[in-house]
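> Now for the letters of each chain:
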Amino acid sequence: MKHGFKIFGVIGFAACMLTGIAVAGTIEDIKKKGTLVVGTKADYPPYGMLDSTGKIVGMEPDMAADVAKRLGVKLELVPTVASNRMQFLQQGKIDLMISTMSVNDERKKAVGIIEPYYYAGGVAILVNKAANVKSAADLKGKPVCAIQGAFYNNRIQSEFTGQDLVAFKGVPENEAALLGGQCVGFVYDDVLLIYKKTADGEKWKDYDVVALKEFDPVPWGLAVKLEDKDTEWGKFMAATTAEWLKSGTLLALEKKWLGQNTEWLINASK
Amino acid sequence: MASIVTADSGSSNRFYFWIAAAALVVFAYFAWTKLFGLAPVNICTGAIIPLLGGITRSLNETAGINIIYLYEPFECQRMLNGMGTTIYLSFVCVIASTIIGVLGAWAQMSNSKILRNIAAGYIQFFRNTPPLVQMYFFFFALSPLLPRIMTDYGVARPMFDSFTWAAISLSFFAGAFNVEIFRSGIEAVPRTMTEAAEALGYTRPQVFRNVVLPLALRVCIPSLTNNLVNLVKTTTLAFAISVPETLFVANQIWSDRVNVFEMMVTLFVFYIGLVAVLVWMMERWEKAMRIPGYGR
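If you read the sequences in order, they're chains A and B. So the first sequence is numbered by this note's numbering: it starts at 62 and just counts up by one. So the second sequence is numbered by this note's numbering: it starts at 49 and just counts up by one.
These are calculated hints, taken from the structure and not from any lab test. If you're wondering where the values come from, they're calculated on a predicted model, not measured in any experiment. Even for Gly, the Cβ is constructed at its ideal location relative to N, Cα and C. Warning: the hint list may mix true and false statements.
Said to hold, decoys possible - Some, not all, of what chain A presents toward chain B, calculated at C-beta under 7 Å:
| no. | residue |
| --- | --- |
| 1 | Asn189 |
| 2 | Gly210 |
| 3 | Asp225 |
| 4 | Ala228 |
| 5 | Ala237 |
Said to hold, decoys possible - Far from chain B, by Cβ distances over 10 Å, these chain A residues were calculated:
| no. | residue |
| --- | --- |
| 6 | Leu111 |
| 7 | Gly133 |
| 8 | Arg168 |
Isolated chain B (complex conformation) (with noise of 0.2 Å):
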């Protein structure tokens, strides 16, 4: 059964690709470092310090604007980890809250009285509670009434770390909104084309797979982007519950060295630099899309 949008596919296959191909270089590298600790090549002693380690060490010599990881190897890697907990915890987030959207509102709209209410309830759980309680409710409250696991070190760990509790938190929280961009995109899809595929024999999920949602998804781009950019900026708030992301990482740095200037503006580079390749990202995806004569 072919679906119905097949235009444009030369550009729009050629940028799949691409997205996919850095996702899966972007993936790899931070699952490596993730599961094997180290990274597969060092960038700090490998080429940020050697490229810029002598101007900056003298520029806090000479200016007293202490750039501290671009010189020294500890902090350097410090940070380049903790933007790298941000990148993969922002990516994990990203996929699954998109995941959940998808789902729950194939969940809302279902026959079964039981699934809608399911995702009603999910909605009111995770949309009305901000989630900086979110994450502490799940890491302190939760977390210490799952089942443990013995370590090699003598002590029993909790199931879930403060990586995971973020990232189960961040995906829930932004998937109750995703649910309703993706409602809202649905509903905008036209009842006649639903039925017009109904008539040509497609079963419920196939109208919803092959008809529905991808009219769907195009109405819904640009406040699915405004919500992912939103989920990316949140994942600042895992530094309550010890995740050694940038924030994290950048206030251990300030409070040893007391440079919070260098650090705060470093804050604001990353994530301006992190948003706007996400909302590249988005507006390519969004023009890939686009079928000639539909929307706008």
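One chain only, chain A, in its complex shape (with noise of 0.2 Å):
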């Protein structure tokens, strides 16, 4: 008798698991609720930050609200941060991630990964002028910030500076260290320092923003739920993101929010 219980537990609890598979984060489902849930960063600017009001806005944000009207749904934005976001996507929270995610081989065993990938981002570094860096094998044996246990950090060292990095674990730190001389560059994403730059110009005239080409660019991808990524759901995400590209909409939200055009996007555009 006990088995048999053990055994209905069992089977209820898959039928659940299927049913909730089978209904949750489709098309007919978000237009059923007339609110398509999105998460988005709030605290990475441009891509997704808070404005004045303590509403979320940025690049992303932006995206998310044509995806909403192109189901013609109402759009609700959920902040996420890189503990979480993948965590309210399995637990059907949010339909749609797009959170400045980094595609790797673990991430998409966890989340339904839409390509084309829709953005990427790459290693730079915020310079003094009068150190006349232009590339990363112009820092050898000059002193870099970084951030503590940033991933390009060991390459850094090992094939350019040739010497510690000056590392701090958060952005305000190396800032201060970098104003403060302790070292000539800032090392860290692209888009962010770009962005440092053009809304802080007065703060950071005296250096400018270097790309490291020897650093690939790492592409981001915008996610649904793992079982969703071969449903119409999916499928329909990945023809909207090949049509925001093939039209340019891509590069004007960008424009609009960083002040410029990025390599990737301009190549990943044509």
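Please dock the two separately framed chains into a single complex, following the hints provided.
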């Protein structure tokens, strides 16, 4: 008898899982709800940030708004961070994730990352003009600031600077050290440095953002639930992304939010 | 004017000689690497990797235990540099803070009111603020205000780098405690000793140097050991202002290689060993300084 209950439990649970997968996340379900719930960043300007009224704005919220428009539903934005964005998708809290997520093999196994990829982040250095740095090769023998634990640190040190990095935990410490002269430049995600330089031109007038072409850009992918990847919903998002690239929508959005276009996106939009 | 402390000189002299010799060798090695960048002998490719590289590499491949700095030259060199920086920083701070302690204690009992106030102010400032806050303050707030030095790559650098600031901050921090530790030792020296020395015609500085300090030192060695052990452990805070010491390097390695467990064990073993050496030296010193019949 005991076993009987157990088996019922297992079957019941499996049935719930199956129906859950079958129903949630599909286009019909979103349309029936009348709302598309999208997870974006709220602390990663200009891709997702808070405006003065506390609303999430940026390039990725604009993309999300376009998806909602295409579906004819209302949009709800949910702020996510790197450590919870995939979980939100798996739990069904959000229908779609556009959250500056770099693509890698482990993530491909966890969520349904849509191809084509919509964006890519490279590595750049915000560098003192006096140091005359044009590429990573020019960094030899110079102290360089970086974020502790960033994936490019090892290569910067072993292949280029040849000395220990001046690494800090956060961005503000790195900025202070750079302005204080403890290092010649700050190595970080290219798009954030470009944004910083554009948003605060006066503070960084003696500094240039130099792309480190030695580091290949890592593509960003938007994602749906893993089970949705090959359904109508996943295919719809893949077609939408391809259309965004082809029509120049993403280029226009990048220009609007970042102030300039990055090489990867120009090439991807061709 | 002979010091009153001459007892048991045979074994203590030998002890001082060996400690001084060992300290000199360690100091010379790290001063060399700091000044000229390169170690006189490459321990990594010359000794560690040929000896342990094979075993640790296969340990990673078979058991997944990745002690990468024992088989990969780049990681080995930076781990070694990190440990070297920790030892060098500890060495500088132990010596400097002890000197500060003695000077401060002397200033505290001096006749000059100004000196006494300076000593008191110094203790209040450095003992009552967290060392991490001090380091941040020196490195981020004070350093940009100081004059800069031009470098050969065209960017003016601040006078002091992060290592120097860490050394200054930690020396003064531990020094503030050392002043109080030495004071406790000095106050334990019976007043009659000072009076007797004065009666024999000793001047005040002579009394301090030849009578009070030698006796006070013996009283305060246990608490001095405590504070210096703490100081060596506190050098890990220099991580926050980017001094490439052991914890900093270990963090870089585990971020790249995701071998957090192995690096944590390494850190534990390293610091247990480092502190054990310090404690052993202090205990030997305590023994060598012992005067039969005084104290215990």
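> Please go over all the hints and tell whether each is borne out by the structure.
Here is how each hint holds up against the structure:
no.: 1; hint: Asn189; result: 5 Å, holds
no.: 2; hint: Gly210; result: 4 Å, holds
no.: 3; hint: Asp225; result: 4 Å, holds
no.: 4; hint: Ala228; result: 5 Å, holds
no.: 5; hint: Ala237; result: 5 Å, holds
no.: 6; hint: Leu111; result: 27 Å, holds
no.: 7; hint: Gly133; result: 45 Å, holds
no.: 8; hint: Arg168; result: 15 Å, holds
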